[in-house]
Amino acid sequence: MSSSPGRDRLVASLKRPRSRGQITAAVLLAVVGFASVVQVQSQERDSDYENMREEDLVQLLNSLAGASQRAENEIEQLEQTRSSLRSDTDSRRAALEQARDRATVLGILAGTLPAVGQGIVVTVQDPEEQVGIDQMLNGIEELRDSGAEAIEINNTVRVVAQTALVDGEGGIVVDGTQLTPPYTLEVIGEPHTLERALNIYGGFVATVERPPISGKVAIEQSQNVEVATLAEPWQPEYAEPAEPE
Amino acid sequence: MIAGLGLLVGIFVGLMLQPEVPLWLEPYLPIAVVAALDAVFGALRAFLDGIFDDKVFVVSFISNVLIAALIVYLGDKLGVGGQLSTGVIVVLGIRIFSNVAAIRRHIFHA
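Protein chains in written order, with my numbering: chain A, 1 to 245; chain B, 1 to 110.
In case anyone wonders, no lab produced these hints; they're calculated from the structure. Backbone N, C-alpha and C define an ideal beta-carbon position, used for all residues, glycine too. Hints should not be assumed to be uniformly reliable.
[To be verified] Covered by chain B, according to a simulated footprint, are these stretches of chain A (three or more residues, beta-carbon under 8 Å):
1. 5 to 11
2. 19 to 31
3. 220 to 227
[Said to hold, decoys possible] The following residues of chain B were derived to be distant from chain A, with all beta-carbon distances above 10 Å:
4. G10
5. W24
6. L37
7. Y73
8. G75
9. L78
10. G87
11. V88
12. V91
13. I94
14. I96
15. S98
16. H106
So that you can see chain B by itself, here it is in the shape it has in the complex (with noise of 0.2 Å):
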């Protein structure tokens, strides 16, 4: 119930101060996003699954969005940016698929 409000009053947020992404975070911010999707959707599974811990969920949202500005990073350094976060989402894609297969099975059946 609180998560859902929390999900609404972040959107609403951003949709009221429309801030400038800063020009440093620029090409970070589409991957961080979605790895932190993955973490939620990880963290929804686990609760469906029993195995929801708050510790858990808050370390791997966090890890999941630094490894991802990581790689992007790197990725730039070594030249292959692009080519490394079209992985990164790729594996991310994979992977929020799966959860939701794995959430859609705990709460349809099916």
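So that you can see chain A by itself, here it is in the shape it has in the complex (with noise of 0.2 Å):
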């Protein structure tokens, strides 16, 4: 068929295998796949900078160690910054917690949120229906003198800055709100100054328990007193904050 022996030889040996030259030519080529492929294997993993020259070596090191100083650099730029923005947080968290404070203060002061604490609870009793807004504007005064914090009226009126009080029939009325006697004053602050404010001479008590009025108070300390009733928020309509000079 083919006059090339070469040939016939290469076609005879594959289709009859199994001569000890083939077995022996097996093991050898599976040695070299097997060598070339892990070369070719470690070439591909470490063929980076294994083929550089030096001086690409040293440009490439020095390029790296820039790179590196920039990121360093940036590092600490980022750190400042996140420095004075935790600075930040914490003085406005700090104004925030003052400004919290203060709101709760005011907001006893202003009548705006319920208070509780050691105070007295003073029980007018007045049977004649003498009692007007000259004695209790005095009273109110006179606790307001010695350091009350809150007042509340027959647990309907929370007695404020704008608390205004008029005559009424059977009665006083306060912001609006008829009150009869008797009246209940329930008040924080330090209760023996509170007391003994209202008993000075010329005072309060002795104001109403005198004729005419011949009323009865009773004064009780306690140190629980609750002041529950709300005062309506306010707007100033008129008034504007002044820029401090």
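From these two lone chains plus the hints, build me the complex, please.
Written out as structure tokens, the structure reads:
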């Protein structure tokens, strides 16, 4: 068929394996295949720098050093930003806390928050219905003078800075609410000071218990006076905060 | 037939195992592979010429690999490792080319 003895031998060996030479060749070829694959793979794995010249490597090293320097600078900058942001948050949180405290204090003073604490409960018996705003105002002023922090009358009206008292029929009208005797004033403050303020000579107790009123005042000190009534929150219409000079 | 299978098995095992080349072998392996390839092509040519002898093949294979490794080792010791490796590769390359040319003549008559 073919005139080439070489090709015939090749074809014959493909048809008829199992000579000793073939097996030897197989073993050695397996070794070659294995070794070349291993070499190719290890070459692919770390061929990046192995085949570079010295100058290139030096240059690469320099550029890497520069890059790491830049990265370190950036880290430093970012850390500064972070710490400044953190202190910013801290001061903002402190300001917020302060503002919240202040809002609480002002809320108690303005009567928009319920309050609880030690104080006195004053009960005014007025059988003749003779107690009017003169006496009541006096009493409230004396209480305020001695440091009353929250005042409530008959569990219905909170006495605040804008509270107005008017004489009404058979009692007094506080902030538009008709109150009738007996009056109960719940006052939060230092109990002894408050009681002494009402009891001073010519003061609230003396005025009420003397004729022509002839009422009866009972003062009870308490560790737990509760002022739960709230005043309407109130916006000033004409007054505006003035710039501090 | 079996020889071709052996080659495939070797490649397959290498791909499967993915072994790490030990450090002491690293400089010698590439040259050894080229030397072994030279031996393989020489053997194929001898086979087509009808003078193939498995003993000769084994001996030439092993001696090729060893001499290649020795030359690289010597070159490294003398400080001319790179150049000597290049020289070995050139020589082996020329031999592979001439062997392949002979093989081609046998198979394709061209």
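Worksheet item: Against which earlier hints does the structure fall short, listed by number upward?
Response: Numbers 3, 4, 6, 16, in rising order.
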